[in-house]
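Chemist: Okay, here's what each chain looks like letter by letter:
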Amino acid sequence: MGPIIEQLTFQSVWDIMGAEVILVLTGFALLVLDLFLDKEQKKLVPWLGILSLIIAGGLVVRNMINIQSATEIGQLSGYLYVMDDYGSIFKLIFIVGSILTLLISIDYLNHVKLPKSEYTYLLLFATVGAMVMASSLDLITIFIGLELLSIASYILVGMRRDSAKSAEAAMKYLVVGAVGTALTLYGMSFIYGLTGTTNIAMAMDGIAGVWADFEFLVMLSLVMMLAGIGIKISMVPFQMWTPDTYEGAPTPITAFLSAVSKAAAFAMLFRVVLFLFSSHINEWYLILVVLAALTMLVGNVAAVTQKNIKRLMAYSSIAQAGYLLVPIAVLGKAQSGLNVFQSLSEIVFYLAAYVLVTMGAFAIISLVTRDADSEHIESFRGLYQRSPFLAISMSIFLLSMAGMPITAGFFGKFLIILGAIHNQSFWLAGIMFGTSVISFYYYFGIMRLMFKKETDGIEPKLQTSGTLSLVVGIALIVTIGLGVMPDALMDVLGKLAWFGKA
Amino acid sequence: MEPTIVRFLLLAAVLFSLGLFGVLWKRNIIILLVSIELMLNAVNINLIAFSRLGLVPNINGQVFALFAMVIAASEVAVGLAVLIALYRNRNTSDVKDMNLTKW
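Chains as they are written, first to last, in the numbering used here: chain F, 1 to 502; chain X, 1 to 103.
Simulated from the structure, these hints should not be mistaken for lab results.
Incorrect hints may have been included.
In silico DSSO-like links for lysine-lysine, alpha-carbon gap of 30 Å or less [unchecked claim]: (1) F:453 - X:26; (2) F:165 - F:113; (3) F:165 - X:102; (4) X:96 - F:165; (5) F:113 - X:26; (6) X:26 - X:102; (7) F:452 - F:333; (8) F:113 - F:333; (9) X:96 - X:26; (10) X:102 - F:452; (11) F:461 - F:307; (12) F:495 - X:26; (13) F:495 - F:452; (14) F:307 - F:495; (15) F:495 - F:333; (16) F:307 - X:96; (17) F:453 - F:333; (18) F:495 - F:113; (19) F:39 - F:165; (20) F:165 - F:333; (21) F:461 - F:333.
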């Protein structure tokens, strides 16, 4: 039987999930407030969302500083919901991603007619879902978090009700996502059946005990859960929805999906799949190795042929998911527990760099595609003449995605390849290196267009808005900052007590 | 394990496969949503069976099944809402016509 929850008080809920509470309350407040606000006042609603996210971020940092011992964390929440550094660092990534998404959205909502309040609180709920996924230690709770994120994203994708493309994108996302949910749930049901518990920590021991007798069921459950989560992180062969959904969704939501939603699925992948099945990882890690290699190959090769900038970014994000799978896949060969933390640091570093770069790039894409009223990559032609700042920033973001030095993306990739070589996964490191070279082709294609001279006279200057410049500025500072001194973040990651102090 | 649980698991597996088959092969979106519902309900059968006849029978499985039902309902609710938005724009609920965004 599960551990007994001593006493559930408001104080203990606040201590453990203060950040989530703030966001949920703000969301509900906006839901009601929407009825009383006039048109001008509604413009402030996204700012309220940002404010609540900043407060939530502060609460997460507070939790990280006051981290208790592992047992103390568990006792507070009956091991349903833990506030270890692993969850907290992912939560910070989600919060930063959501703040930047809202900043891009403020500009977007000024030009596209969408219900501002609904948009804001759905985004807040989606962020809460992501945070629950990162922090819960129970299959039921983690499933609720996953669905909170997914259902809110389905609605956000289909928010442009006048656009057939948006509705189609939402439909595709919903059908594929719901199948993913069903697969994950089917896998979880076997975990419960074999161990009699939904708690991940206890199920982990249980699975190790029944592995020999029920290997078929355990492997079935593993494959089902991998497929379900694979759909969320757009892992090949479950990637087909990604470009379609990214193309049809409102641009800030595309950024949210490719950054926050993907990071949340990775948090879940690590917590659920790797933990539950860690006892016999040597027997199944080859599945992950093959999938990671396929994801990198398909994502990068398919991106080469794309002419729509959002579809191109979608395939690029598939490729990035492949890179992120590498540190998880190489764990099969690792022997000591130290390697797990090494892989975690690599993933978190890469995700931090990736989220910031994605947000910056999509801020520029949002502006440029609106200005040209076309999502074809030709709309980037001659951007340097229209706005040198945006062209140079976009180039830096693209270089970071491609993994060129002096950017955060370089060290992200460098650390992952180094980790793979360290664990003797030379093939995987080689494929990662090779596919990165392919990716240069399409990233440089955009850059070439941006710096090409316009043939037909002088184009009018591109007007940026304050919030977009802010997003680009933040992304730029972090991208170059992490590129010049990656140790700043690596030191912090090295000091983290990932799963609570022993 | 008692022999009877195998029957429940087989029933759930058949239902789940039928649902997956429906999602992959059917052309009408309503049928797609029904098939998804079928898959989620197959999971519920699994959970309830395990809760009674599993290796370690306890109440957790039934609680899980309740949560799964709520989630399934809300997912289909959103699905129907999106379908209505889609139908207003395109006047079709056929999967074959979902070709605005492709390769």
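Chemist: All hints are to be evaluated individually against the structure, with a verdict given for each.
Modeler: Status of each hint after checking the structure:
1. F:453 - X:26: Between residue 453 (chain F) and residue 26 (chain X) the Cα gap is close to 50 Å, so the pair fails against 30 Å, i.e. violated.
2. F:165 - F:113: holds (16 Å)
3. F:165 - X:102: holds (11 Å)
4. X:96 - F:165: The hint holds at about 15 Å.
5. F:113 - X:26: violated (35 Å)
6. X:26 - X:102: holds (19 Å)
7. F:452 - F:333: Roughly 47 Å between the alpha carbons, so the hint for residue 452 (chain F) and residue 333 (chain F) is violated.
8. F:113 - F:333: violated (52 Å)
9. X:96 - X:26: holds (10 Å)
10. X:102 - F:452: holds (29 Å)
11. F:461 - F:307: holds (24 Å)
12. F:495 - X:26: violated (52 Å)
13. F:495 - F:452: violated (46 Å)
14. F:307 - F:495: violated (44 Å)
15. F:495 - F:333: Judged against 30 Å, a Cα distance of about 24 Å means the pair holds.
16. F:307 - X:96: holds (23 Å)
17. F:453 - F:333: Cα-Cα ~51 Å, so violated.
18. F:495 - F:113: violated (46 Å)
19. F:39 - F:165: Holds - the C-alpha atoms of residue 165 (chain F) and residue 39 (chain F) are around 27 Å apart, at most 30 Å.
20. F:165 - F:333: Distance ~45 Å between residue 165 (chain F) and residue 333 (chain F) Cα, so the pair is violated.
21. F:461 - F:333: violated (54 Å)
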